[in-house]
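Student: Protein sequences appear in the order of chains A and B. Counting along the first sequence from 1, when you hit position 78 you're at 1282 in this note's numbering, and nothing is skipped either side. Counting along the second sequence from 1, when you hit position 202 you're at 214 in this note's numbering, and nothing is skipped either side.
Please note that a few of the clues may not be correct.
[Said to hold, decoys possible] Which stretches of chain B does chain A cover? Using the computed rule of at least three CB atoms under 8 Å from a CB of chain A, they are: (1) 167-173; (2) 203-209; (3) 243-254.
No wet-lab data here; the hints were simulated from the structure. All C-beta atoms in this analysis are idealised placements derived from N, C-alpha and C, irrespective of residue type, glycine included.
Each chain, letter by letter, is given below.
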Amino acid sequence: MKILPPTLRPNWRYLAIRLVSESHIRRSAFIDSVNNSATSLLGDVTASMCNISLLGFDDGMAIVRCEREWTEETRCVLATIHSIKGQRVGIHVLGIAGTVKSAIERYIPQSDLVIDK
Amino acid sequence: MKGKTFFDFHVSSDAVSTLKQCGYSGCVVFEDTNKSDRAGITSTSESLDTMDAPCITSCTSVPDLDLDFSVSTGIEIHAKNESALIKLVDNARKRVDVVAVYGGSESLNRAACKDSNVDVLVHPETEKDGGINHVIAKEAREHGVAIEFDLSRLIVLRGPSRMKAISDFRVNLMLARKYDVDIVLVSNAKTPYDVRMPRELVALAGLFGMHPDEACRAMYDVPLRIFKEQSSGYISDGVEIIE
Chain A
1205 MKILPPTLRP NWRYLAIRLV SESHIRRSAF IDSVNNSATS LLGDVTASMC NISLLGFDDG
1265 MAIVRCEREW TEETRCVLAT IHSIKGQRVG IHVLGIAGTV KSAIERYIPQ SDLVIDK
Chain B
13 MKGKTFFDFH VSSDAVSTLK QCGYSGCVVF EDTNKSDRAG ITSTSESLDT MDAPCITSCT
73 SVPDLDLDFS VSTGIEIHAK NESALIKLVD NARKRVDVVA VYGGSESLNR AACKDSNVDV
133 LVHPETEKDG GINHVIAKEA REHGVAIEFD LSRLIVLRGP SRMKAISDFR VNLMLARKYD
193 VDIVLVSNAK TPYDVRMPRE LVALAGLFGM HPDEACRAMY DVPLRIFKEQ SSGYISDGVE
253 IIE
């Protein structure tokens, strides 16, 4: 399908996050818990507007994408995750940036995160 | 919000080192009863415990931290009735930095808000409502008692119980605004996994209609006022002993 012109594309924000957990958390389990938390806290309608997706996940660091107008709601969604598959976790949002590159350079420079294309 | 400093006014000692990593500039440590029982309670709390209902106490192990992170100790009083509450508060006042009273019924909430020795009213929520009404709010304002908003309820609870928590907070916030009562926002972190960054707490407070500026005030200005009032030279607003 033809890509939308730049003015019609959504404005994204990228959240660099740190995951503190008891043991290793799998990527799929993390995605499930973010989606469950979003629909539980915000409801299906608002969660669809936030458009939260996970771009990169590695060794306790991750990049999460959401729409520009919904960053506070996305922070709430991430803050309300307290356990994944029975393991205690805490998610800390280190910062928000306008591009993936700047999010990694500014907030998680030490990690070798691979971003999904 | 950048460059501001925040205090977490209600945490457990296990969470202190994580709080420092998350950019807080200080915290007040409360210990829970079960842990104190296991660890062996200090002499001050033993004398309190023998008096009446079990108290939650502090003064146990707090890790060594740098000077730019302040750790204060607090005591949370669980009283059965109002007369026991007054005795326990008087006893606790001289021993710790922060005296908090665990509410949960209208009479206890009102008794706590009438006592100038109390700094914070913790968990005012009853089964039916938020536990604060216009009478209690006026008393709290008059005696300088702050009301705690425990955001761990939003983090841990799900479904109808979280819905009730948010609506309770909304009503309490409305009353606190109307009668100009101080609010403290806390994470009530018991383990390192419960700690959230300050911006997350501000965002969570936004869920029940709290403005970010109000939230910042609840995490910095109000704790500072309480610390100042409990400092040794303080007499009243504008009057202080200078040596």
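Student: Please go over all the hints and tell whether each is borne out by the structure.
Tutor: Here's how the hints hold up against the structure:
1. Three residues within the 8 Å Cβ limit are the bar, and the segment 167-173 of chain B against chain A gives 4, so the coverage statement holds.
2. Beta-carbon proximity to chain A at under 8 Å applies to 7 residues in the segment 203-209 of chain B; the threshold of 3 is reached and the given coverage holds.
3. For the segment 243-254 of chain B, the stated coverage by chain A is violated: 0 residues have a C-beta nearer than 8 Å to a C-beta of that chain, whereas at least 3 were required.
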